[in-house]
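2 protein chains.
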Amino acid sequence: MKARVYVTLKRGVLDPQGKTVCASLHQLGYREVTDVRVGKFMDITLGGLPRREAEQRLKAMCEKLLANTVIEDYRFEIYEE
Amino acid sequence: MKARVYVTLKRGVLDPQGKTVCASLHQLGYREVTDVRVGKFMDITLGGLPRREAEQRLKAMCEKLLANTVIEDYRFEIYEE
Chain P
6 MKARVYVTLK RGVLDPQGKT VCASLHQLGY REVTDVRVGK FMDITLGGLP RREAEQRLKA
66 MCEKLLANTV IEDYRFEIYE E
Chain L
6 MKARVYVTLK RGVLDPQGKT VCASLHQLGY REVTDVRVGK FMDITLGGLP RREAEQRLKA
66 MCEKLLANTV IEDYRFEIYE E
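Protein chains in written order, with my numbering: chain P, 6 to 86; chain L, 6 to 86.
The reader is advised that the hints may include incorrect statements.
To be verified - BS3-like, lysine-lysine: derived pairs with alpha carbons at most 30 Å apart:
id: 1; chain 1: L; residue 1: K45; chain 2: P; residue 2: K7
id: 2; chain 1: P; residue 1: K7; chain 2: P; residue 2: K45
id: 3; chain 1: L; residue 1: K7; chain 2: P; residue 2: K15
id: 4; chain 1: L; residue 1: K7; chain 2: P; residue 2: K24
id: 5; chain 1: L; residue 1: K15; chain 2: P; residue 2: K64
id: 6; chain 1: L; residue 1: K7; chain 2: L; residue 2: K45
id: 7; chain 1: P; residue 1: K64; chain 2: P; residue 2: K7
id: 8; chain 1: L; residue 1: K64; chain 2: P; residue 2: K45
id: 9; chain 1: L; residue 1: K24; chain 2: P; residue 2: K15
id: 10; chain 1: L; residue 1: K69; chain 2: L; residue 2: K24
id: 11; chain 1: P; residue 1: K24; chain 2: P; residue 2: K69
id: 12; chain 1: P; residue 1: K15; chain 2: P; residue 2: K64
id: 13; chain 1: P; residue 1: K7; chain 2: L; residue 2: K7
id: 14; chain 1: P; residue 1: K7; chain 2: L; residue 2: K15
id: 15; chain 1: P; residue 1: K15; chain 2: P; residue 2: K45
Honestly, the hints are just simulated from the structure, not real lab data.
Please put together the full structure from these sequences, using the hints given.
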């Protein structure tokens, strides 16, 4: 079983990395770019759990480690390989 | 118009960040996790280009700046807001 976890900055939280990418794209001539926001994702391989339990445990992993829920949102999708 | 660009390490390239996350999940008791790979994505807002041209320019942005194509793969999807 695999899961993909997406972590993004909450709306309204400043994203200096995205601003830097945006400025660099402008310098390269891509003036049509008006905003960039950067996020990360994690592809997690999980063994031997029923789907329902896997969902609960993934939620806990996100809350405890994978996302900083003060400033970040997360979501995940589970799929079979 | 918006685009989401996904950047991942190529298959076979070591992912120390993923390994660290995996080890931390084990320490927290999530022994069912067997592998973690970390990637990033960028949500890009683009103004005033036909879709076909936007695709070509996004491809060039990825090759020039957004991905290190020696060790990273990229893909992107374009959608209307």
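Note to self: Check whether the Cα positions of K7 of chain P and K15 of chain L lie no farther apart than 30 Å.
What the structure shows: At roughly 18 Å apart (the allowed maximum being 30 Å), K15 of chain L and K7 of chain P satisfy the hint.
Margin query: Would the hint linking K15 of chain P and K64 of chain P be met if the CA-CA limit is 30 Å?
Written below: holds (17 Å)
Next item on the list: Please work out if K64 of chain L and K45 of chain P have their alpha carbons no farther apart than 30 Å.
Entry: Given that 30 Å is the threshold and the Cα spacing comes to 20 Å, the pair holds.
Next item on the list: Please work out if K7 of chain L and K24 of chain P have their alpha carbons no farther apart than 30 Å.
Entry: Holds, because 16 Å separates the two Cα atoms, which is no more than 30 Å.
Notebook entry, point to check: Within a Cα-Cα threshold of 30 Å, do K15 of chain P and K45 of chain P meet the stated pairing?
Noted result: Within the cut-off at roughly 13 Å; holds.
Note to self: So if I understand the rule, the pair passes when the alpha-carbon distance is 30 Å or less; does K7 of chain L with K45 of chain L pass?
What the structure shows: holds (17 Å)
Next item on the list: Assess, step by step, whether the Cα of K7 of chain P is no farther than 30 Å from the Cα of K45 of chain P, and give holds or violated.
Entry: Distance ~17 Å between K7 of chain P and K45 of chain P Cα, so the pair holds.
Next item on the list: Measure nothing beyond the straight line between the CA atoms of K15 of chain L and K64 of chain P; if it is 30 Å or shorter, mark the hint as holding.
Entry: Cα-Cα ~27 Å, so holds.
Notebook entry, point to check: Is the hinted pair K24 of chain P and K69 of chain P satisfied, with a Cα-Cα distance of at most 30 Å?
Noted result: holds (28 Å)
Check: Regarding the pair K69 of chain L and K24 of chain L, is the alpha-carbon distance no greater than 30 Å?
Finding: The hint holds at about 28 Å.
Item checked: Pair hint K24 of chain L and K15 of chain P, alpha-carbon separation not exceeding 30 Å -> holds (26 Å)
Notebook entry, point to check: Holds or violated: are the alpha carbons of K64 of chain P and K7 of chain P at most 30 Å from each other?
Noted result: holds (14 Å)
Going down the numbered hints, you'll see the structure goes against none, and every one checks out.
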